[in-house]
Structures are given as structure tokens and as C-alpha cells.
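**Student:** Note that the protein sequences, when read in sequence, are chains A and B. Those letters in the first sequence? Residues 4 to 460, per my numbering, in order. Those letters in the second sequence? Residues 4 to 460, per my numbering, in order.
Because the hints were derived from the structure by calculation, they are not lab data. There's no promise every hint is true.
Pairs of lysine-lysine residues, derived as DSSO-like cross-links and limited to a Cα-Cα distance of at most 30 Å, are as follows [unchecked claim]:
1. B:Lys164 x A:Lys431
2. B:Lys446 x B:Lys152
3. B:Lys266 x B:Lys334
4. A:Lys152 x B:Lys136
5. B:Lys127 x A:Lys431
2 protein chains.
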Amino acid sequence: MGQDGSPAHKRPSGSGGGLPTSTVSNGGGRGGRGGLLPRGRQMQKTFNNIKITILCGFVTILVLRGTIGVGNLGSSSADAVNQNIIEETNRILAEIRSDSDPTDLDEPQATEMSLNETYALGPKITNWDSQRKVWLNQNPEFPSTVNGKARILLLTGSPPKPCDNPIGDHYLLKSVKNKIDYCRLHGIEIVYNMAHLDKELAGYWAKLPMIRRLMLSHPEVEWIWWMDSDALFTDILFQIPLARYEKHNLVIHGYPDLLFDQKSWIALNTGSFLLRNCQWSLDLLDAWAPMGPKGPIRDEAGKVLTAYLKGRPAFEADDQSALIYLLLSQKDTWMDKVFVENQYYLHGFWEGLVDRYEEMVEKYHPGLGDERWPFVTHFVGCKPCGSYADYAVERCLKSMERAFNFADNQVLKLYGFSHRGLLSPKIKRIRNETVTPLENVDKFDIRRTQVEAKPQN
Amino acid sequence: MGQDGSPAHKRPSGSGGGLPTSTVSNGGGRGGRGGLLPRGRQMQKTFNNIKITILCGFVTILVLRGTIGVGNLGSSSADAVNQNIIEETNRILAEIRSDSDPTDLDEPQATEMSLNETYALGPKITNWDSQRKVWLNQNPEFPSTVNGKARILLLTGSPPKPCDNPIGDHYLLKSVKNKIDYCRLHGIEIVYNMAHLDKELAGYWAKLPMIRRLMLSHPEVEWIWWMDSDALFTDILFQIPLARYEKHNLVIHGYPDLLFDQKSWIALNTGSFLLRNCQWSLDLLDAWAPMGPKGPIRDEAGKVLTAYLKGRPAFEADDQSALIYLLLSQKDTWMDKVFVENQYYLHGFWEGLVDRYEEMVEKYHPGLGDERWPFVTHFVGCKPCGSYADYAVERCLKSMERAFNFADNQVLKLYGFSHRGLLSPKIKRIRNETVTPLENVDKFDIRRTQVEAKPQN
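Pulled out of the complex, with its shape left as it was, chain A reads as follows:
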């Protein structure tokens, strides 16, 4: 969804408006056959044919647009047409309200940088830890801990303009509602970013300059937690076990064997990770960013990454591959401060999870955070805000709806409600209203029963 870490497939310029095209020629053909008829009739006929041709022309355009670029969606052609009529109309609407701004940062454009000079997020800062420490001492009203816990700022976001596929905006809305709920219950602040701070780093690279900016603007924050807009909290009870990370600066979900033995491009996932507000992190961002600038640099870097990483398809450099490459190629510099987490789903790949929610409800309980009750369900490759994706749109939307409602049920429990089904936006009462409601607060307010992850070994 614009800012997630999964590959962006190029959009195939497919054809296929067979029906309407042939229909138009039918119309034309019949016009020819009209030669058998008397003159007056023929003129009226020709007039009618023109009317039909224009009409069918309209359909042709509509259906033709409806067919382009859905070749890899794998969805039914009916879907495909609906999908693309929407894209079309949304584009028009976007134009209606588009600004008079000359340069369009969303258009891919040749970068102004030469390939020789290295890209920088900003002027090199070398003494951040001491600067921050002094500030914290001078500003006790902005402590870096809340109720004894390190202060966390969750950063998420989506592109500045409406989604290519308008249903995407509805799921961006559900995604942020899901994050508001989790963060309210766990005392985490949210920054929702809709701006491209650095035009060189649009798309999934946009998180880097924003993370740096937030570190420098919020010295009271100890951890910046990046989360993709297509990742949902599905265990509302689970809490990040911060104590486990006292000696680390980057916490990211992944598998060491996939990383070091296989050099797999999915060994780590940048859809959800925590970065400590410190000098080390600024240095990491500086080392991470240079592959990001749009245009030749990102394209060339993509080739390097595809050659170096196992299983990576050929496409421009993405932030996830670049991080894996950096940690592998400069292991000694970075790895001792990186915590590769896989005891719970800081990131959980949606396939294999979304279909098991009912089973989880039956067998387990929230607060586990792992495969028994995933902390985060991440819709990698769904791109509901984009106009193309690695998976069928309908399957993605249904799965996201299930994940959202699965999580929402855990929030609604306090209020005595539950969704009628994991696919239903509608809710039903699970408790009768009472004249002593506080008994239920004591029972169901999950802030009183927050669970920290425990090492499984």
C-alpha cells in the first residue's frame, strides 16, 4: 500500500476488449448491408447505425479500460471490470480536486543526482545520544518513559492522494482504526504520515526520512515503531516485550537461518519493526538510504539485490531487500544491536493465518501473539490501495475484512458486542445491558489483563 515492503510488479499493458470491438465492426458491417434498402430507409438506418456505433464506442472504451492491467489479478472478469471502472472514475475525481502544482512527485522521474555522489537523508549528526540526553535532563516534563515503560511512537501512513482502487481507502480507514484501538489500550502515540518528505524516497522508501525526522523532533520518544498500512494488530492483548530488547536498537521479525545461511530476500520483514531513538539508528538509516533514490540509482540497486539475495524477483530496489543486504554485507558493523524476533508475530504473513481465526478462537486466547493468536497479520502483496497486486483483489479484501473483525471483536468485548461473523461489518450483543456496568469493566477491560510475551524455551 504505497509504503509497504513487498515487490511492486509492473503493470502489463494487456489487451482483450474483443466483444465490444467486434460489436462495433458489426454495427459498421450492418451499415454496409443497408445498401439493399430504399434511399430514405437507408439514411434513417445509417443514422441509427451511427447512434449505435457511438454508443457501443462508449462501451468499448469502458470495457477496454476494464480489461487492461488485470491480467495478473486472477479475479473474475466481472471483478476486473468493476475494479477498473472504479480506478477510471477515481482518476477523474482525483483530477477534479487535483492541485495546480506543476511537478508531480508521484510520476516516476529521472533523479537529479549523479550515480557517483551518495544520497544522504540530511546533514550527518554524530553526537545525537549526548544531545538527546541533555535535552531530556532539561525537559523533565517530557520523560522518555510512561508508567515505567519506554515511550513508543507508532508511525504508519499512506500515500498523499486517494488510492487507485477506491475500496483501498476504506481499508486504510479500517487499518488506522485498528491501530488507534491497540495504541489507546497500550498507551502508544500514533503519527499518521500522508506526505512525501523526500521526493527521492517515495513509495516503500518513504518510511526512512520520516523515521529520522520523528527521532530528531521527538527526543522524548525511546522507540519509533514503523508499521505498514496493510498490517493489522490481531492480538489486542499482546504487549511488546521491551525488556527483552534492552541491549538492542533494531527489533525486526525474521529468521537467522534464512538470513545468514540462505541470504533469502524474505529473511526479515520491514512491515513492522522497532528502531531505538539513538545515534546507532541514525547511522543505520544513513547506511540504508543510499539505494533508495528514485530512477537509475534505485533501478541499478535492484539488479544488485536480485543478484545477491535468494528468491528475489527482478525489480527496483526496495527497503526490505536493501536492509537485508546491508546487514549481511556489514554483519560485524550492525548485527550485535539487531534483535531478529520470531517468538511472536511482530510481522505475521497473512496467508496461513486468516483462515485459522475461528480455530484460534476455539482453541486459544488473545495475549499469545504467536501462531496460536498472531500479534500482527500483515497483508504482504495485497496492495489494496494500489491498482495491481500479487494476489486476487477479492481474496485480499475478504481476508483483510476477516482480520479487522477478528481484532475488532477483542475491542468490542468490553462494550458487550461482537461481529455477527468475521466477514460481517455488523455487530450483535453478547451481553445484556445491566444497571451495574462496572462489574463488566472489571471483568473485560483488557488494560487490566495485559500480557507480556514469555520466551517459549
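Fit chain B to the known structure of chain A by using the hints.
**Tutor:** Below, chain B alone, put in the same frame as chain A:
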């Protein structure tokens, strides 16, 4: 936007698909004329005609839908068609992912209640103040104040399903981002509601059962602040002057003379108001709700309200008119605890504000909250999430974009950025990056310069 307090106009069942309809009949007519031709030709011809008829049938439906219900949009017919193709396709998409739920709460339906029995939000609670006081004493870890300020919970929301007009979901997203920003900076928690707790009270009445639920589920909260999804914070610095309301339980924007002298139906606005978590508020909600139930009750109540209130158009009962009616008809019961606020824009009507933002930036500064720098800009009658509105869609969208960016500029200032223009989703740098970023934090972090409203007299 589904939950706001402005009138919902009935959708005119207009006609107008003249072109396609006549085309279809043409198609039929030509089939008849085919009688002049030999048998084989005639069959082929009939076959072609059927093809065309089906095709044109499709266009007819499309264009027909495109023409229905845009009579009062006042937008160009091109807009109108785009608008409605979107509604059409979005409806289809909603169906694709709609649940198998038998009853559809979104459909207007005859209420199951008789007109005699009075509707109740829940069992009558009479000792809430003492219940809550006991709980607060027993749960010191959930204090009703934060840093010496009364704890506020902001409640907003939108309908469970995607907007009829998909661009609406994009503005719901921008609206919640705007609220996240304000509430983060002022230590206010947010609940975003997407569910209909009570099927009787859908639409703009949905806020009542949710407010009651939150009071009973969050005893630690002192004030519930309802805010419509089409209302934006446009003064990020301004703070609610809670001290002013110590002796009051309902704080709502309005004008006493309009209320008492004129009985105007816009004397108060329920788009943004604060309700104290106390017995008085539960009683008010109980007295407020009975006009809400969908169907005959709401329709009949609408007639009473239109007859009683000055300037009210004829439509079903809405929560705003019902509150005004209640406060007027039972003045002695309620008014001494109601603070009618108009020294700042707790609600500010968008017209007359959105075009003056540049002038405000030139002459004034944030923190004033009144006509010089409105605290809230409320897009009454725009309904960007609905399929109809009182104002031209384009004008509404442009104005909301301006309001969002006007507010966003106040947030981005800390980070050193600003929108390129009030209509531009794109941002530009307003300060150079520095190696001593904390100097800017001290200068621009608005949490250090929060302003409380001062009485103007």
C-alpha cells in the same frame, strides 16, 4: 457523513436515461423492419439485433443510474455521471465482499416498536455518580485526570460499510489523521466507531448509544467529546477551556438568542460537543433518544420538530433538532447544566471560514480558536461519504482539502515542512536540516506553547 447532524435529503427518483432507452427501442424496431429480408439474413439480423439490444441494455442501466439522484448536486452532468458510475461500482464491490447477513440494517425498515411504548437506550441507571465514584476510589491506577487535567475521550466514527462515493473514504481517512494529530498533541484518547450498536439508531442518531456505552465502560473518563467525521480541527494549538465548564455537564456551540428567542433549528450544533460522564448525562441521553428509532417514530417526530422549530425543512427527526426541542420544551430541567459556547468555534460552519485561511495566516496566529483562527471547521451538509449533499461535491471536496492542509501545516511545522498550497497534498521544506535539531524542537513543539481560550470580555 452518516453520523453528522445535518439534514438528510431524500433522494429524488429522477428519470432521464432517454438516449439509451430510445436506442433500445430502435434496436427492437429494426428487428421488426427485418421482415423485408430473406429468411437466413433475417435470422442473422435478429441475432445481431439481440446482441446490440443486450449491449445497449447494459449502457441503459449504467447511464440511467448515472442520471438518478443528481438533480440537487448542482454539479456538471459530467461530474454527475462520474459520481454515479462510482456509486454503482462501489455498490457492486460492497456486494462482492458483503456478508451473508440476512437483515440489512442500512436498509430503511419498519421499526418493530409500537408508537406507544417509549424507546430506551438501556435499563435505567439511577446511581451512576456514586457507582463511578466508588470505582475511581478502588482503581487509583485509572485516574480521571491526566497531568491535572480532566480526562477527555474523543469519540468519532463513520458507517460500517464503504462510502457510497469512494472519494469519501479518502476524506474520512484525512479526517481521522487530523484528529489523531490534535489528540496526540493534547493528550486526548480517541475511539473510532464503525459499528451500529443499536439498529434503531442508525445514521446521525448512532452517537447516542455509543456515548452512553463509553461512559459506562470508561468510568475513568470525565468528558466524552463527540465530533463528526466531517469536522476538522483547524486550530491545532487551541485547547478546550475546561475550567470554564466546572459547573456544567453539556458544552455545545450555539447562540442563546437563536435558541430561546427564535427557536431556530440551527441554534445549537451537535457536530462537536462535550458531555460529562455523570448521571445527569445519562438522564439527558434517555430523554434525547426516544425520537430516534428508525421508521414511523422518527418520521412522525420529524413532523413535530419541523412544526416547532424555525427554518427546519421537512425530514425525519435528527439528533440536533431533537436536542434543541428537548432543551426548549424542558428548559428548567436541563439548561442550568448546559453551557452554550460561542466565544470560540467548538463547531465552526465551513462556509465563510474555508476561503479566509490565507487571510488568517497573514493577520493572526493559531491558538485563538475563534473567527480569527477557527478551532473546528465543520463541513455541514457536504456529506462526502454519502451519495447526495446540500452542496456541490467539488466545492465540498476542495474546501475539505483546504481545511485539512491548513491544519496539517500547523502539525508539519515542527518537522520543518509545509504544504505547497492549501489545495496541494504535496509538501515543501520550510527549514533546512540542521545538526542541532533540538533547537527547533524547543522553538516549534506546540506542546510547549499551548494556549487556553480566554474570555473576550
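**Student:** Of the numbered hints stated earlier in the document, which are not met by this structure?
**Tutor:** none
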